[in-house]
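K.L.:
Given next are the chains, with one letter for each unit.
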Amino acid sequence: MALAAEITASGILMGSIFALVALGLTLIFGVMNVVNFAHGEFLMIGMYSAFLISTFLSIEPLVSLPLVAVVGFLLGIISYYLLIRYLLRGPMIAQLFGTFGLMLFLRYLVMFILGPNPRVLYQGVLIGKSVSLSWFTFDISKLAAAGFSILLFVLVSWMIERTKLGRALRATSIDAEAAGYMGIDTEKMNALAWGIGGATAGIAGGLLANFYYITPTVGMLFIMIAFATVALGGFGSIRGAFIAGLIVGLIMMVAGYYLSQIKLAFVYLAYFLVVVLRPRGLFGW
Amino acid sequence: MFLEVKNLYKEFGGVVANAGISFGLEKGEIVGLIGPNGAGKTTLFNCIAGYYKPTSGKVLFKDKDITGWPAHRTARAGIGRTFQIIRMMERLTVEENVMVGAFCRINDREAARRDAQEILELVNLEEEANAHPTELPIATQKRIELARALAIEPELLTLDEIASGLNPLETIQIIDTLRGIHKEKNLTLLLTEHVMEFIMRISERIIVMAAGRKIAEGSPEEVARKEEVIKAYLGEKYAKGK
Amino acid sequence: MVGKMKAVVGILKDTFSFNDLPLSERIAFAAFLVFVFFFPWIVHASYPRVVMIRFLLFAMYGLGWNLIGGYGGQVDLGQAKNVGFGAFATALMITWWGVPFWITVPVGIIVAVAESFAVAYPMFRLRGHYFAIATLCVALVWQKLFLFWDWTGGARGVEIPIKSAPNFTYMQFGTIGYHYFIFALFMAEFLFMNWFRKSKMSYELQAVRDNEAAAASLGINVTWTKVKTYLITAAMGAVGGSFYAVYHLYIDPRCVMQLDLSILIAMTAMVGGAGSIWGPILGAAILIPLDMYLGALLGGKGFYGIDFIIYALIIMVIAAREPRGIWGIIERARRRGYVLRG
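Protein chains in written order, with the numbering used here: chain A, 1 to 285; chain B, 1 to 242; chain C, 1 to 342.
The set of hints was computed from the structure by calculation and includes no laboratory data.
Do not take every clue at face value.
Claimed, not checked - The following label-pair restraints were derived from C-beta to C-beta distances:
1) Leu169/B with Phe29/C: 44 to 54 Å
2) Thr95/C with Ile113/A: 35 to 45 Å
3) Arg179/B with Leu21/C: 36 to 46 Å
From a predicted model like this one, the values you see are computed outputs, not experimental measurements.
Where a beta carbon is used, it is the ideal one built from N, C-alpha and C, also for glycine.
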C-alpha cells in the first residue's frame, strides 16, 4: 500500500516534469506543424546551462533558472531564424531531417566542447535533501522540480489562453494564412513558439539538473518520452500534454519498479500503441 | 441499370452531407449532377468511388453491390475518376503519370507505355509526354488527369468539376474531347459541375442536389425551369417570380 | 511456355541494361566500378581498404533504405532493427550450431520480413512524422529487448569463432576477401535496384508517394504497396547485417541495432538523393570517408563527435536548400542547363 502510494507519487512528480517538456513540443507542433526532434537537446542544453552557470558563478542552481530560461528562449529563436524558417518551405521530409540535423548538431557540439563525461550538481539548496511525509520520503529536488513545472505550465497556459499574444499564437496554429490576413506577423509567432519551446525545455532541464546526471546524450531519452507524451495527449493540445505527462510518468514508475532495464521500452511501446490506436491522442486535433 | 444509388446517407459526426439520395444511370448515358455549394455532390462522388464509406444505403455497379468498397477496388471494377483539385504525381512525367493508370490492367512496361502514348494522343497531349505536370497550365493538367483516368479502361467515368478554372475556349475543347471519348470508348459519364454552359450542354440528363438531397431530375431544359431548382440556386424570391 | 521465357528475358534485360540512362552517367558508373574493383590492388594500406569496405556496406544499406524512404517517400528511422535481425540470426546460428553462412542469410531475412510484416499494417496507418517516430520506437524496443534477453547474449553480445581464412563456409577472409565479398553483395543489390526502378511496382510506389488518393483512383492498393516495399527493405537490411556479423566477428545490440545506425543509413540515402539509384552511393561516398577520416583524425586527439557535427551541418544545409539531396542538385543544374541550351 505504502509502496503503491510512493510509486504513484513518484509518477506524478516525474510526470509533471514530462508535461513541461511536452508543452514546448506540442506548442511548436500546434503553431506550425513541425515536429522538433531537437527538443530533447534544448532540455540538455538547459541542464548544462544550469550546471555551468551555477558552478562558474557559484550561485544556487535554483537561482540560475531565469538565466537558463533566457538561454533556452534565445536558442529556440536562433534555431528558428537560422534553420527552421527555411525548412518550412520544403516538404515534410525536409523538415523532419532538418530538425534531426539540429538535434545531432547540438548534441555533438556540446559533446565536443564539454566532453562526454557526465556532470553532476553537488551543491545547492535542493540537492541531496529529502523530506518525509508519513510513510514515504521525497527528494526535495524532485518535489521542487515538479512544483515549478506545474507552476510554469499554468503560467504558459494562462499566457496562451488569456493574453493577446497568446491569442495571436492560437490564431496562427489554427490557420496561419488567415492569421496573416488579420495582421498577425506569423513569422514572429513561429519564432515565439520556438522561443517558448526552448525556454520551457531549458527550464525543465535546469530543474532536472538538480537530481539527474548531466550528459550530452540525455536529450535522446527525454525526446522519446516527450513524443510519447505529446502523442498520448494529442499533438497540439496543451491540456493533453499535461494529463499525458502524468500518465507517462506513472507508466514509467510502475514499469520501472518491475522491469527497470526495459522501462523505456514501455514508453516506446506506449507511443506506438497510442499513435496506432488513437492517432489524435486524448485531446488532439 | 449500370449504376444505381439507393437511399444513400452519409453523415460526418452530426452533419448530414448526403440524405437519402437515389438515382440510376444506364450504360452509355451522360448525366450531370448540379447543385449549389455544399449540396453534397463531391461527398456523393466519394461515396460511389470508395473514398468514403456511406453511413447507410447501397451503391450497385453492373449489378454488383460495391457499397463501401475501397477506392482501389472500385477502380479495378471499372469506375474511373478525376478530382476537383488536381492530383498529379509531381515527380513523374506526364507520360509516366498516365502509365501508372495503364498498369492497372497491364503488367509490361513497354505495353503500358504504348497504351499511355495512345491515350495521350486521344486527348492531344502527345507533345507534353516528357514534361512535368506541375510546369503545365491547369487546363492541360486536367486533360492529363482525364488521360490517366482513361488509362485504367473504366466503364464509368466520374468527373468532379473538370471544367472549373477553364476559360470558355478550353471549356468547348474539353466538351469535344469528352464527347469524342464517350463515343469511342463507349463510356458512361457522370459529371458534376458549377459551370452551367458546360454541364447543360454536354449532359443528356441532369440531377439536381441541394442541402444533401436530390431535389430534381430530368432533361436540362426541364430542370432549368423547375421551381425547386431555381429556389435552391437563387432563393425563394426568384422562384416565385418565374 | 514462350510467354514465360519472354518474361524471364525481359527481367534479365531490365536488370542488366542501363540504356535508359544518359551516357555521362553510364561512363561515370563504369569508371566507379573499375576503381572499386581494382582498389585493393592499387591501395595497399589497411585503413583505406577498411574505409572502402564500410563505404560499400553503407552504399548497400542506403540502396535498401532508398526503396521505402526514397521511392516510397516514407521516412524509416528504424532500419537498424533489420540489420540486427540479420546479424544476430547469422551470429547465433554459427556459434550455436555451426550453420554455414549462406543458410543463415535466408533465416535472417525471414525473421526481418516476418517482424516487419507484423508491425507494418499498424504503422502504415500513420503518415509523415508520426510514421517516422513509430519506426524509431519499434527499433528502440527491439534494441532494449535484445539487450535484456540473455539467450541472445544480452549486452555481452555474440562472438563468432575465428576460422582460418579463407573460409567459404563461414565467409571469413582477409581484408581483400571481404572487399570482394561486400562488392559482390553491393552489385547484387544494385542490379536489383536497376531492375526495380523500371518495374511496375516502382511506378505504383512512386504514385503512392506523390499522391495517395490519385494512386488509389488508379487501382493501386496503397497500403499493400507500402507494406511490400517495407518488407523488401527489411530483407535487404538483414543481408547487410549478416555480412556485418561475419566481417566483424563480434556483434552486440548496442552497435548493431543502435539508433545511430538507423540515422546514418537514412542520411546516406537522403544526403545523396533519395529516390534515385545513384543517391545512396553518392551519400555513402561523402559521409563514410568523412566519418572515418575526420573522426579518426580528430577523435584520436580527443575531439569527440566532430564528425557528427559536420554530418549534422550537411543534413541541415541539404534539408534547407535542396531536399532532393546531392543528386537533386546535379539534376537541377542539368535541367537548368538543358533549358538554357534548349
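K.L.:
If I claimed the Cβ atoms of threonine 95/C and isoleucine 113/A lie 35 to 45 Å apart, would that claim hold in this structure?
P.N.:
Hint holds: Cβ distance 42 Å, inside 35 to 45 Å.
K.L.:
Return holds or violated for the Cβ distance of arginine 179/B and leucine 21/C against the range 36 to 46 Å.
P.N.:
Holds, at about 42 Å.
K.L.:
Could one say that the CB atoms of leucine 169/B and phenylalanine 29/C fall in the range 44 to 54 Å?
P.N.:
48 Å, holds
This entry satisfies every hint, going by the numbered hints stated previously.
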